[in-house]
Amino acid sequence: MVLHTLNGSPSQPAFAQCLRVLGADDALLLLGDGVYSVMPGSEALSKLRASGAELFVLGPDALAAGLAGALPDDVRRVDYDGFVELSERFRRQQAWY
Amino acid sequence: MIRVSSVLVVTRHAPYGTSLSRAALDTVLAAAAFDRPPTLLFLGDGVLQLLPDQDAAAVGTRSHGRVLESLPLYDVNTLFVDSAALAQYGISRAQLPAGATVLEDQGISQLMSEHDHILGF
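If you read the protein sequences in the order shown, they are chains A and B.
Counting from 1, one number per residue, gives the positions in the first sequence under this note's numbering.
Counting from 98, one number per residue, gives the positions in the second sequence under this note's numbering.
Careful: at least some of the hints might be erroneous.
To be verified - Sample of chain A residues facing chain B (criterion: CB under 8 Å; computed from the structure):
#1 Asp33
#2 Glu43
#3 Gly52
To be verified - What the simulated footprint calls covered on chain B by chain A, stretch by stretch (three residues with Cβ under 8 Å from a Cβ of chain A suffice, anywhere in the stretch; the number is not a length):
#4 111-124
#5 140-152
By construction, these hints were calculated from the structure, which means they are not laboratory data.
All C-beta atoms in this analysis are idealised placements derived from N, C-alpha and C, irrespective of residue type, glycine included.
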């Protein structure tokens with residue numbers, strides 16, 4: 001039960017490293033360039049789904065990237081308060097950047 | 098008559114994570130202001146700069162897409178885009194700005210060898 005945060009785009013090493021350890025009991029919050037991991041139809045999204053982890057995206061960063069209007073149904077959008085709530089829900093947090 | 102040398106600007110990073118994408122555009126605009134509009138190539142994560150509907154107000158910066166839209170005003174009309182990166186991110190060609198040309202690896206290689214100078218960002 002770990003909250004992972006990912007800042008890197010899918011072409012960064014942080015993405016692959018996060019994917020290696022991401023488990024079905026974990027949650028992943030995408031922020032910064034990490035939001036590009038949930039683009040509909042992308043290779044990255046299929047890989048994240050296969051992990052079984054709960055997927056979250058930070059709303060303001062998705063908005064900046066132009067992705068807010070096209071988020072997949074299984075990716076939940078959270079604001080900064082939601083980020084705090086996630087950090088309360090999970091005792092452990094691993095930041096990938 | 099002196100031949101004007103040609104410049105290719107290669108931009109390879111997503112718009113907001115670093116300032117590199119902005120630096121690339123500043124370079125393009127500066128060169129264009131001196132009547133030397135360069136050729137612009139979006140490679141790898143650089144294609145993410147082209148996504149429509151960017152709204153960067155929420156993260157306290159200017160939307161990169163807006164700056165890109167201003168390029169034709171500076172006579173920068175030649176945009177080239179990495180085909181493999183579009184496929185990787187599931188971006189359709191319909192989402193690209195008008196006038197963008199999609200290139201396979203071989204085309205990118207040729208584009209680089211056709212220019213006198215390459216500036217990478």
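- Item | Status of the Glu43/A interface restraint (C-beta, 8 Å, chain B) | Holds, about 6 Å.
- Query: Does Gly52/A meet its interface restraint, that is, does its C-beta lie within less than 8 Å of any C-beta in chain B?
  - Reply: 21 Å, violated
- Query: Are at least 3 residues of the stretch 140-152 of chain B within less than 8 Å of chain A when you compare beta carbons?
  - Reply: holds (count 8)
- Examine the stretch 111-124 of chain B for residues whose CB is less than 8 Å from any CB of chain A, and state whether their number is three or more. Three-residue rule met by the stretch 111-124 of chain B, so holds; n is 4.
- Holds or violated: Asp33/A as interface residue toward chain B, Cβ cutoff 8 Å? 4 Å, holds
When each numbered hint is compared with the structure, a violation occurs for hint 3 only.
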